[in-house]
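Make a model of the complete structure from these sequences and hints.
There are 2 protein chains.
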Amino acid sequence: MRLYTYFRSSAAYRVRIALNLKQLRYTAVPVHLLRGGGEQFTDAYACVNPARLVPVLEDGEATISQSLAIIEYLEETHPRPPLLPSAHAGRAQVRSLALAIACDIHPLNNLRVLRYLKSTWDRDDAQREEWQRHWIRAGLEALELRLAGNADTGSFCHGDSPTLADCCLVPQLANADRLSLPLDEYPTLRRIRDRCVQLPAFIAAAPGAQPDAE
Amino acid sequence: MRLYTYFRSSAAYRVRIALNLKQLRYTAVPVHLLRGGGEQFTDAYACVNPARLVPVLEDGEATISQSLAIIEYLEETHPRPPLLPSAHAGRAQVRSLALAIACDIHPLNNLRVLRYLKSTWDRDDAQREEWQRHWIRAGLEALELRLAGNADTGSFCHGDSPTLADCCLVPQLANADRLSLPLDEYPTLRRIRDRCVQLPAFIAAAPGAQPDAE
Chain A
1 MRLYTYFRSS AAYRVRIALN LKQLRYTAVP VHLLRGGGEQ FTDAYACVNP
51 ARLVPVLEDG EATISQSLAI IEYLEETHPR PPLLPSAHAG RAQVRSLALA
101 IACDIHPLNN LRVLRYLKST WDRDDAQREE WQRHWIRAGL EALELRLAGN
151 ADTGSFCHGD SPTLADCCLV PQLANADRLS LPLDEYPTLR RIRDRCVQLP
201 AFIAAAPGAQ PDAE
Chain B
1 MRLYTYFRSS AAYRVRIALN LKQLRYTAVP VHLLRGGGEQ FTDAYACVNP
51 ARLVPVLEDG EATISQSLAI IEYLEETHPR PPLLPSAHAG RAQVRSLALA
101 IACDIHPLNN LRVLRYLKST WDRDDAQREE WQRHWIRAGL EALELRLAGN
151 ADTGSFCHGD SPTLADCCLV PQLANADRLS LPLDEYPTLR RIRDRCVQLP
201 AFIAAAPGAQ PDAE
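These protein sequences, in sequence, are chains A and B. One point on numbering: in this note's numbering, the residue at position 140 of the first sequence is 140, and numbering is uninterrupted. One point on numbering: in this note's numbering, the residue at position 152 of the second sequence is 152, and numbering is uninterrupted.
Among these hints, one or two may not hold up.
Note that the list lumps identical chains together, so a pair holds whenever it fits in one copy or between two copies.
Derived DMTMM-like pairs: lysine to aspartate or glutamate, alpha-carbon spacing no greater than 25 Å straight-line [said to hold, decoys possible]:
#, residue 1, residue 2
1, LYS118, GLU130
2, LYS22, GLU61
3, LYS118, GLU144
4, LYS22, GLU185
5, LYS22, ASP152
6, LYS118, GLU185
7, LYS118, GLU129
The hints are simulated quantities; they were obtained by calculation from the structure and are not laboratory data.
This is how it looks when you write it as structure tokens:
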């Protein structure tokens, strides 16, 4: 398997965690999203992903974009260890938590969005950081309420082993850290993150541990 | 089953299509996102969804937010007719197409985002519409390239029956129509949409056909 990745992409980070949890070996193909205007805009990369985004997983004939689609694919093709619980309601909860991050927080803080805010509306660094913090806070606040009040929450987002939800939570909190957003108001999220980052799968997936890290 | 919905929410629209395709009966609980500052901000709704978003599906003991998590849940609990193909690679493609809409287009054009742009940065109607069109065009352009160049594309996004991807595409194109965005550059998407909207499941799910439509 080959993973088109960028060390700082939190969507790629999710997939790296999932691959590691399932102990799947892969070749990392770094796509530098900033260098030379962005390697994702080359003609070669258009053939890999017309949407010009990372990550993309190549597995035999299959070329898959979108981090959650990749992780669901890995879950179906390599079921052990499972990243989704077995019961229908639990699977729905885990997917819902993951999507609450992947749809409600991360897309607003994407590199391409920050670029638009700068180039089209001349938003300065402080304004763009406040924009990012605003959406992260809104999303984390709702997540904290959900997890703190749910009997299914364990050492991880759902029960006592990592799931798809944890694959999304840890990269999102890493982004919060980069923006110096205090996590005091999200004790459940912080507790789960602190547990996750002790695991080798999460450690090896971290941005700083990637071959393309700067 | 009870679906918390708003006629104009494109995420709720996706779920309504899926429920109809599977011929599942449900009670619609309208949540008016604009009236009185937004019914999603009531204390009562906080118990349903701390994230203050629609849709939410209640099915027995399960309360599920996030449209794609709901549709995956319906797919697992009511497998016929399937909204995902059977082969791993095909399932990944359909999920990837759905996520390309749910993560890369829709979150940027959400009501809460448009409100931020107006209240915090004083962006006027024209600027906010151009913002919306920008992200829709970027997303649809990539989707058109993917679908036009893929042998799996049929009368629908994947093959000749509707899938999760079509549940997402049709509401997104309805949003494009509301913004008077021409679809000439996306002939494949338009052809698929034109086929979908002939089906009773899509007709009954449309915003204008809802009990809370204005």
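Is it within a copy, between copies, both, or neither that the alpha carbon of LYS22 lies no farther than 25 Å from that of GLU61?
within (21 Å within a copy, 31 Å between copies)
Should LYS118 paired with GLU144 be assigned to within, between, both, or neither, using CA atoms and 25 Å as the limit?
So LYS118 and GLU144 fail the 25 Å test inside a copy (31 Å) and across (28 Å) alike.
Within a copy, between copies, both or neither: which one fits LYS22 and GLU185 at a CA-CA cutoff of 25 Å?
neither (32 Å within a copy, 41 Å between copies)
For LYS22 and ASP152, with the copy left unspecified, which applies at a CA distance of at most 25 Å: within, between, both, or neither?
Answer is within; shortest intra-copy Cα gap is 23 Å, inter-copy 29 Å.
For LYS118 and GLU129, with the copy left unspecified, which applies at a CA distance of at most 25 Å: within, between, both, or neither?
both (11 Å within a copy, 18 Å between copies)
Could you figure out if LYS118 and GLU185 sit no more than 25 Å apart (CA to CA) within one copy, between two copies, both or neither?
Neither: 30 Å inside a chain and 27 Å across chains, both beyond 25 Å.
Same-copy or cross-copy closeness of LYS118 to GLU130 [CA-CA at most 25 Å]:
both (13 Å within a copy, 15 Å between copies)
Hints 3, 4, 6, counting from the list given before, are not met by this structure.
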